[in-house]
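In order, the protein sequence lines correspond to chains A and B. Final position of the first sequence in my numbering is 2030; the numbers increase by one with none missing. Final position of the second sequence in my numbering is 246; the numbers increase by one with none missing.
To be clear, the hints were calculated from the coordinates, so they are not data collected in a lab. Note that the coordinates shown come from a computational prediction; the quantities given were computed from them, not determined experimentally. One or more hints might be untrue.
Stated by the list, open to error - Below, a sample of chain B positions facing chain A; criterion: calculated Cβ distance under 8 Å:
id	residue
1	16
2	20
3	21
4	22
5	23
6	25
7	42
8	44
9	48
10	52
We put the CB at the ideal spot given by N, CA and C, even for glycine.
Next come the chains, spelled out residue by residue.
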Amino acid sequence: MSAARAREDSRSASNLPDRKILLDLFERMVLLRRFESIAQIACRKGETPGFLHLYIGEEATGVGVCAHLRPTDWVTSTHRGHGHALAKGADPGRVMAELFGKADGICGGRGGTMHLYDRSVGLFGTNGIVAAGIGHAVGIGMSARQQGRDDIGVAFFGDGAANHGGFHEALNFAAVQRAPAVFICENNLYATATPLKSITLNPEIASKAASYGMPGVAVDGNDVFAVWLAMKEATERARAGKGPTLIEAKTYRTVGHHEGDPVIGSYRTQEELDAWIKRDPIDMFRKKLIEEYGIADAEALAAIETRIEKVVEQALTFARNSPEPDPSTVRLHVFADPINPPAALKPRAVGETRMQGWLEAVRDGIAEEMRADPAILYFGEGTGERGGSFAHTKNLWQEFGAERMVDTPISEQGFTAAAVGASATGARTVSDLMFADFAFETAGQIFLQAAKLRYMTSGLMSAPMVVRVGAGALRSSGPHHSGIYHPVFAHMPGLIVCVPSTPADAKGLMKTALRAGDPVIMLEPKALFAAKGEVPVGEHFVPFGVARIARAGADISIVAAGQMVQRALEAAEVLAGEGIEAEVIDPRTIMPLDIDTIVASVRKTHRLLIVDEAWAMCGLGGEIAQAINELAFDELDAPPGRLHTAPTSHPFAPVLERAMLVDTARIAQGARDVMSGRPPVPDHWYTVGLKSTAPAKPAPAPVKALPPAPPVQSPAASGDDEPVTMPFGDLTVSEGTVIKWLKAVGDPVREGELIAEIETDKAVVEIEAPVSGTLAAIDQPVGAVVPMGGRIGGIKK
Amino acid sequence: MNATAQARRLAVSPYARRLARERALPLETLRGSGPDGRILAADVLSFVPVAAAVSPDSDASLVAPAIAAPRIAAFAASVALGALRDLLAALESSGHVFDVDDVLPRAVGRAFHETPDARAGDNAVALELAGGQAVVATVPEPPLTALRATRLAALADSRDEAQEPAALSLRLLAAGDIRPMAMPLLPGRSMRLAVSLGMAGDHAECLLTVDAASVGEDAAAAWLSALKSAIEQPLRLFV
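The shape of chain A in the complex, shown without the other chains (with noise of 0.2 Å):
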């Protein structure tokens, strides 16, 4: 619908809304106007920490789209953010005293300007990064539908947002999601100071929808008439369950960027600026009440404008007078409290358990917490009928269908946005990033949103969400997907971080994540997902922050989580050999630590050797044995040591790879070595290459290339055949099952022909003849498990 239209529109009386409508409409705009000035003085004065980013001269945009909202729909806004608190309905007195920091404020006084949220009338945050909040829409909308209701999820952003890739990414996966959303661009002309035009060559913001395949309108956004009446449809349509649609409302802040900003500055004239303040959304309005529709008078609308007057002064009073946060609270609202789920803390009775499979354990996990809770949503690339890229979603599409295990498009950032919006709105979302390091493409989400949600809100909103990704290296995965980084997102207040060494834990862990209180980074190894191990069936929680001791010993403490978990048990049964007993603790969660096991363990056996697949710079093993200096340094019998993954990104080349990762042989060593006193010493401090007068080293001697060796011994080759063997494949598949052989002993075969097939977790395998010749031997009957690389048969040429 156009501007114009919307003013024919407006013009015939039958068409013009309730009086009563119309008046609240100007009754909130002056609300909104006399809010923001009294701010304004206060923050000349003073009396606000910080600065202000004011909403005068948009207010139109924001009363005409709120209007049509209830407190159970959800508005995401910006950091010019007052103005869409206020239209949703948070009380005048609290979001002041927000502003002013004090404890009576919508947020206690931890959120502030940019970060104010209230549950109670469904405002989602203003936010202090652009683009942020437009994702968070369509998360709530999809949780009010996957909730069987009608709400809806409304973003409010500027022009400069329309460039961002949280824009495109979120409006995408909105249309093809049919979200009940509903975007409002606010098109103030300028990017703080860059005017659209500079920034983009397509400046009809509207027009973008069609990238989407959504509707997208243009509307005067000064007039709050025209806004309420393109509102009026794109809800409607959003709650009716036909998507969303995009709406650019054309405005102008008649005030600097924030306040203390000049109002012109470099970048605007004072003509413009004139022309736009002839063209004031409340002056507009109260010439058409009086003088066009003739549904008020002056002196009516001069008495609303003085009630108002009276309910921002009293806002001003109530907030000045509102007493400090106490300081002694600053600790509070970081995570839950206490952090684990209920079900996570009840004692548990070792019941039943059975040999399972990695993946298999954590889809029965998932499986089970998606049939208890309905209000569960799985968002991931490829994560829906095809199965997941690991198989790690494998039979989940089918039984909870498209509505649940939702195919995304390759938009980290957009449905981890989405994911953070739902959950906080009383649904449950995982999002699978697949890839550990993909994360990065949505870090703003994972750091800056779901991780202060809790903080900002002062426990009045959290996000229960699992951020679910493979982790860490195997087998040439290369320098992007190979990371681990559990102690980047350990670093974040309000991140749980979870590193799984079994598949028992693994499933316990996500079992506990589905059930808890705020974000958690769910870090599976990949190297682990051939792995198998006894799983309790059931009902299974593992808690966050208790480790678990994997071994036990006297003599020193091995740390070690994730993949290096085997690789110390192994270093520590070749220290057995030699009379060393290691102590191997899982610590299983890296946020909440566990370090009370460590200590105790360190104060038995008096040494430590910290184990980690992450890199050793402002990591996990400095964090460890520096909190035993703190806590336990009279135990210490020698300098604890740490091993981690050499400091450079990950290598392809397999003999490069080798020796960037901590292996067996390493622990063993660096535990003899702080078992003599003598920790291994790192350099990841990258000081040498600072001093020139460093001398070089002499080059080492080429490194003989060594034949990758299989994971598993193949069973002795017989005689000087040709070995048929299981190929290498996808990474994660460890093992196949042989269901059918071709050929028999004895039988000719063809360069080229099947004969064999080996079904594997993801996919049955053709075996193919590697040569012509006579099938020789069949080392490997029907229903024999075979390894990778393994031999199954022979054949002589």
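Starting from the known structure of chain A, fit chain B onto it as the hints suggest.
Here is chain B on its own, set in the frame of chain A:
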């Protein structure tokens, strides 16, 4: 071993330090088996008090009082007496009879002369004798014959000059093969030197206790080092 080395910080693992503290074991008596002599828990746990004495052949060792008063520092040294004994024997054959006891006050004076930092006021030395103290000056340096005469006279008349000012009191222990571990300071004396002469007569175990408030640790260690050097190269004491 020079004074710096004597004053060097002991390397002790935190756990070993705790175990020693709990057992009231002076760390300085322990031999470290870790890197660069770091004392480890095993060294404390395997410690047998009798075996604590450092071999008499070692030319110096550090000993501290087991129960240290807050203001006390103590330093020990094994001093070889072979050269001094030979020299005294040679003098005796030429008719000049002196005991080690007579030479010690002079060596003390020389040590004060060489390490003025260790001087806490008066340079006089109080000889601790059976009945009390006999104070002898070290500046100007009295002849050895005068020192011997003073000592013998004091032994004879049991005079006590405990109230006379003196920087250091000198105590000779005749117990033989006993290493003094802790000796209290005497009133008015900021230093005390205890010397235990070995049975074989080839070395002496010296313990220097100082009031840490009056004498710096480095200075005290240097003083003891100077004393040891003076006794082990005794020719200079007689010129």
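Each hint, compared with the structure:
no.: 1; hint: 16; in the structure: 16 Å, violated
no.: 2; hint: 20; in the structure: 5 Å, holds
no.: 3; hint: 21; in the structure: 5 Å, holds
no.: 4; hint: 22; in the structure: 4 Å, holds
no.: 5; hint: 23; in the structure: 6 Å, holds
no.: 6; hint: 25; in the structure: 4 Å, holds
no.: 7; hint: 42; in the structure: 5 Å, holds
no.: 8; hint: 44; in the structure: 11 Å, violated
no.: 9; hint: 48; in the structure: 4 Å, holds
no.: 10; hint: 52; in the structure: 10 Å, violated
When held up to the earlier numbered hints, the structure conflicts with 1, 8, 10 and fits the remainder.
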